Amino acid sequence: MSESITVDVFDHLVGLAALELTPDQADYLRTQLNHQLKVIDELKAIPLDENVPINLHGVPYEKATSSLPREDIHKPFADPKSILAQSPQVDDGYIIVPDIPHTTLK
Amino acid sequence: MELCDLSALELTQLLRQKKTSAVEILESTLERIGSVDGRSGALDGGALTDEDKQKVHAFITLTDDRALEHAQQIDKQLANSEDPGPLAGVPFSVKDIFCVTGTPSTAASRILANFKAPYTATAVARMEAAGALMVGKVNLDEFTHGSSNESSAFQPSPRNPWDTSRVPGGSSGGSAASVAAGEVPLSLGTDTAGSIRQPAAFCGVVGVKPTYGRVSRYGLIAFASSLDCPGPVARTVTDAAAMLQVISGADDRDATSAPTPAPDYLSTIENGVKGMRIGLSPDYFRITYPDPQTGELLIQALPAEIERSVRQAAEKLAAMGAEIVEDVPMPNTRFGIPAYFVISRVETASNLHRFDGVKYGLRTKAPTADLTQMYRQSRNEGFGLQPKLRILMGMYVSAAQYSEEYYKRALRVRTLIRRDFESVYDPAGKYRLDALLTPTTPTTAFAMEAIYGNSVLMQYADQLTVSANHAGVPGISIPAGFDKSGLPIGIQLLGADFCEDKLFRIGRAYEHATESAEWRQVKPQVLR
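Protein chains in written order, with our numbering: chain A, 1 to 106; chain B, 1 to 528.
In silico negatives: residues of chain B with every beta carbon more than 12 Å from chain A:
{"hint": "1", "residue": "Asp5"}
{"hint": "2", "residue": "Leu6"}
{"hint": "3", "residue": "Leu78"}
{"hint": "4", "residue": "Asn80"}
{"hint": "5", "residue": "Ser516"}
Quick list of simulated restraints, FRET-style, between CB atoms:
{"hint": "6", "chain 1": "B", "residue 1": "Ala366", "chain 2": "A", "residue 2": "Ile54", "range": "39 to 45 Å"}
{"hint": "7", "chain 1": "A", "residue 1": "Asp8", "chain 2": "B", "residue 2": "Pro367", "range": "25 to 31 Å"}
{"hint": "8", "chain 1": "A", "residue 1": "Tyr94", "chain 2": "B", "residue 2": "Lys365", "range": "17 to 23 Å"}
{"hint": "9", "chain 1": "A", "residue 1": "Ala45", "chain 2": "B", "residue 2": "Thr49", "range": "45 to 51 Å"}
{"hint": "10", "chain 1": "B", "residue 1": "Ala447", "chain 2": "A", "residue 2": "Leu56", "range": "36 to 42 Å"}
{"hint": "11", "chain 1": "B", "residue 1": "Asp83", "chain 2": "A", "residue 2": "Tyr61", "range": "33 to 39 Å"}
{"hint": "12", "chain 1": "A", "residue 1": "Thr31", "chain 2": "B", "residue 2": "Gly46", "range": "25 to 31 Å"}
{"hint": "13", "chain 1": "A", "residue 1": "Thr6", "chain 2": "B", "residue 2": "Ala447", "range": "33 to 39 Å"}
{"hint": "14", "chain 1": "B", "residue 1": "Arg286", "chain 2": "A", "residue 2": "Ile100", "range": "51 to 57 Å"}
{"hint": "15", "chain 1": "A", "residue 1": "Ala45", "chain 2": "B", "residue 2": "His512", "range": "41 to 47 Å"}
None of these hints come from the bench; they were simulated from the model. The model shown is predicted, which means the values in this text are computed figures rather than measured ones. Note that the Cβ used here is the ideal one computed from N, Cα and C, for glycine as well.
So that you can see chain B by itself, here it is in the shape it has in the complex (with noise of 0.2 Å):
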C-alpha cells in the first residue's frame, strides 16, 4: 500500500510520529495522479484516445508547485517542535468552483478560463491553514449544472474509476474520483441538489453535504445561493468529520454562515448507535421519473439491489443497538425536483448576469457595434449549454406575469419540504428521528453519453438528494457494497439541523459493521 491509499487521519499519524514527511506524503500522491490522472482538461481538448478512456482525468489544474512549498513548510515546522495545524501533510483537491489565489478558477466554463482570482474561498483558506496541501484543482459539470460531470468545457470530462466506461456524477465529479482513485484522501466539494453525495455514491467514497450555513460560501462562485453547500468528500467518515470540523464556523465575509459552534466531531465519533431511532421511508424507495419518449411522469420502485443494501444497512444499524423505524411518511420528496426546476433556476439566472465580459472572464473578440452587443457576442461564446439552459428558465419562471404561478409556488412547496424534515425529527413529535436512512441515487453511475443532453432525465439522478438542498438539512452518502455490474451502491442519512455529528457516528458505525466484509477490499479499476 502505498502513502497516497491511507486516509487523512492515518497520514496525519505517520507524519506526527516522524515516519513520514509531508514532501514524502506529496511525491506519493502526485505519482498517483501521473500514473492514473491522464491528461488534465482543457478548452478544445480534442478526440478521446483509447488511452484517454482508461484514465480518470479529474484536474484542471495542478499546483504542485504550492502543494510542495507548503509541503516543506510543514516539514520544517515539525522540525522546530511546532503544531502545524490538525490536516497537516495531507493532500487535498478543490472543486474549481472555488477561487483560490494566484490560480485559474474557472468553473469549468469557458467564460471564466482565464481567469485567476484574486483572492481564495474561506473553506480554501482553512484548509491550508490547518496544513492540508492544495495539489490542484479538479473538474465539475460548467458551474455546477449537471450530474454527470460531462458539461465541462474542459475536456475529456472526469471518468468513474470503478469503471471508466461511467460517469463520476456530478457535478463534483472531479473530486469524488480523485478521491476514489487514491490521487488525494479528501477533496473539497460543493452540493446544490446532490453535488457531492451523487457522485460520492458513484464512486464509492464518502460525501458530507453540511447544514446550511455550517460552512462559508465565501469565494465559491454561486450558482443557487440558497441551496449551494461546500463540504468534504472523503474515503472514510473519520475523514470526512474531521475536515468538516476544519472548515465549519463562521466567517464575517458571508452572511449565511452560521454562528452555531460545530462539536469536536472525533471525540464522538466511535460512540455508536445504542438507542438513536433512525428512520426509513417508503417515499425514498420509490422513484418518479419522466418517460424519455413521451415526458410522462411515472413511479415505480427503486433497484432491488438499491434498497436492499438500504435494508441491510438498517439491519446492521439495529443489530448495533439503534431502534429502526419504519414508514416515515416524507411526502413532499417526489415534488423537490420540480421546485428545483424553478428555484435553483431563478437564483442562476441572478448569479450568472455578472459574466458579461467586462470585469473579467472572457470578451468576444469579434467586433460588436455597442456594449449590448458585447455582453450577449461574449455570453454565448463564453456559456455553453447547460449554463444557457438554466439562464432562460429561470428568466421565464421569475418573470411578473409566471411568477405567482411558478417561482413563488416552489418556494411554498419548499416549506413543504422543509415541513417533512422538521416532523419526523421533532423531539416531541411520533417519529424523533436522530436520521433517516434512504438510497443516495435511483441507479448506480450510468454510462458515460447515456443521459447527457437530456436536461430532465439527468435532472433525476439528484431526486433523493434534492430535499435536504430545499430544507438545508445535512446529509452524507457512505459506501455500501456494489451492484451486479460492480458499481458501487451509496447510502444516504440526513438528519437534522446542524446535527451532522449523529450523521458521523451513524456512519463510523456502519462502517465498523462492514470492515471485514468482502466488497471493501475490492479495489477500483484504474488502481487494479
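Looking at chain A on its own, in the form it has when it is part of the complex (with noise of 0.2 Å):
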C-alpha cells in the first residue's frame, strides 16, 4: 500500500499536535493512519456537483430550533480558587508556567 503520511510528513504532524512520541508509539500510530486515510480516500470517488454545500452540523439552524442570540452579562463564577486549584502550579492566584519561548523577530 502507497503511503500517503510519510515519515516527514508525520513528525511535522507530530510537532503541530504539540506532542513527542516514542519510536514504536510513532511507527503504530503512522500505519494506522495511513490504513484510514485508504478508507477517506473513498469520499474522493463521490460525484458532488454545486449545489452540494458543506453541512457543518446536521439539523439545520432555524429559528424555531435555535437559540436566539442573547445579551453578554458577566456572571462571576462562585468559587474561581475552586478553578485555580485545577491548575498544576499556581502561586499567589497566578497560574506558573515553564519560560516561555521567544523569538526576536528581524
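Got two chains here, each in a separate frame; can you build the complex from them with the hints?
This is the structure in C-alpha cells:
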C-alpha cells in the first residue's frame, strides 16, 4: 500500500499536535493513519455537484430550533479558587508555567 | 427480584406508595454493585486476575456518600408530603465524560485523572433536580474514542454482563454494562457515532441518541462538537423516555441546545403504531468493511440472524397496524464512516488542544526547558494512543493543502447523508416515513482484544449508527433477542428531527409484542 503520510509528513504533524512520541508509538500511529487514509480516500470517488453545500451540523439552525443570541452579561463564578485549584502550579493566584520561548523578529 | 432489578418508573411508584424508601433503593443498588462490579477502573490497574475476568468493572468512581445524602433528603421530602421530582429515588450512573462538581471527571484519560470538576453538566444537574441519585461515574473509551471501551486509561475496562469475555461496546460501555447488570436502572451516556446505541445493543438494553440540540452539551468534555449528543441508557423504552423528558430542553449555557419543547413522551408512549409508516432499507442490511489484511473495502450481507431480528420486528409491528415500507433507499449510508474519519478528527484535534498541563490536568514531572517542551511532554504522557491518533489525523485532513480534498469534501458528503433522511421523512415525499427500522450493529459483541488496535475495523462497528450523527436525527436501540452464542441483538429506529416521541411509541409497541417471548426471561451471565 502506498503511504501518503510519510515519515517527514508524520513528524511535521507530531510537532503541530504538540506531541512527542516514542519510536514504537510513532510506528503504530503512522501505520494506522495510512490505513485510515485509504478508507477516507473513498470520499474522492463520490460525485459532488455544485448544489451540494457543506454541512457543519446535521440539524439546520432555523429560528424555531435555534437559541436566540442573548445579551452578553458578566456573571462572576461563585468559587474561582476551585478553578485555580485544578492548575498543576499556582502561586498567589497566578498560574505558573516554564519559560516561554521567545523569538526575536527581524 | 431485588429492588435494583426494577425499572425506574416501578421504583418511583413504590416510593410514592411508601412501599420502600430512597435509602432502601440505594442500599439495594450498592449491594448489587458490590456483588457484580469488581474493582473499579484505575490508572496502572495491573494484571487481570481470573476473578477480574468474571466481573463487570463498569465504574471508575463511586459517589455513594453523595447519593446517600440525596436519598435521605428525598425520604425527608416524601415524609413532609413534598414533591421530590419525577425520578425521585432512582439511582443512575454517569459516563465519566460529564463534569460533576467535586467529583473526579476523568474522561477515562490519564491527562484528566486528577481533575475535579468545578461545575456540573446541565444533564446531570437536571437528573439530580428530578430526584435521581447519582451513584457514580462509569468507564468509557478514553475521551469517548472507541467502540469497545478497551482504550480507557482506567483498567480493568468494563466487560459485557452477558458474557464477560466480550466487550460491552463503546464508548458508553460503562453506562450500558451498569444498566444491563442491574447496577442502575438509568445511565447518562453520549453518542457521537453510535456510542450509546452500539453498547446498548451489545449489552441488551435500550439506548437513545436524541436529536442534536435536544439535550444540552454544557459540562460534557467535548469530542466532536457537531456530533456529540448526551442521552439515556435504560432497561425499558418507557424509562428511557422518562429520562429524556428530564434532561432535554434549552440551556442558556449551550448555544446549540434547541428551544424546541419536548412533548410529554409518557402521555403518548402507549398509543401504538397503527397507521405509522416504518421503512426498511437495503442499505442497512449490507456492510462495507476493510479487509484486515489488504485494507480493500468489501461489501457483504449482514449476519442472517441480525437481519432476521429486524424483519421479525417489522412483522410484529405490521401485525399491530404499522405500514412497513420496503426498499427505502439510503444510498449514502456507506459513506458515513469515511466522512466521520475526517469530521470527527478535525473537531477532536481542536477540542483536545486545550489539554496542555497549564490550567488543569496532568503536567509532566520531568524537567522541561521551556513551555513548548512542557506542552509536548505533558500531552505525550497524558494522552493514550487513540486520542493521539485522532489528533494527528485531524491535523492532517484540515491542513491548508488538504482541507479542500478531505475536510470540506467530507462536510459536503455530510449534506448527502442528511438529504437521505430528509427525503424519506418528507411528508410530501414518496416514502413519508415515521421511522426507519434497521439493525443497530453489524455484529453482536466481539471478544475482548479481538479488534482493539485495528483502528479502522473498530470504527466500522459504528457504520449503521454514525449516519444519524452526521444528520443530527434521533435514534434508539432496543433489545431484540439473542444470537446463537447467547449475545444480545439490537434493533434501531431512526426518526426525523425532534420526533423522539414516535420512536418511543414504536419501541414500546415492540416491547408489548415481545413481552412474553422466552428471550425476555434470560438473565445476564453475571446475574445467573
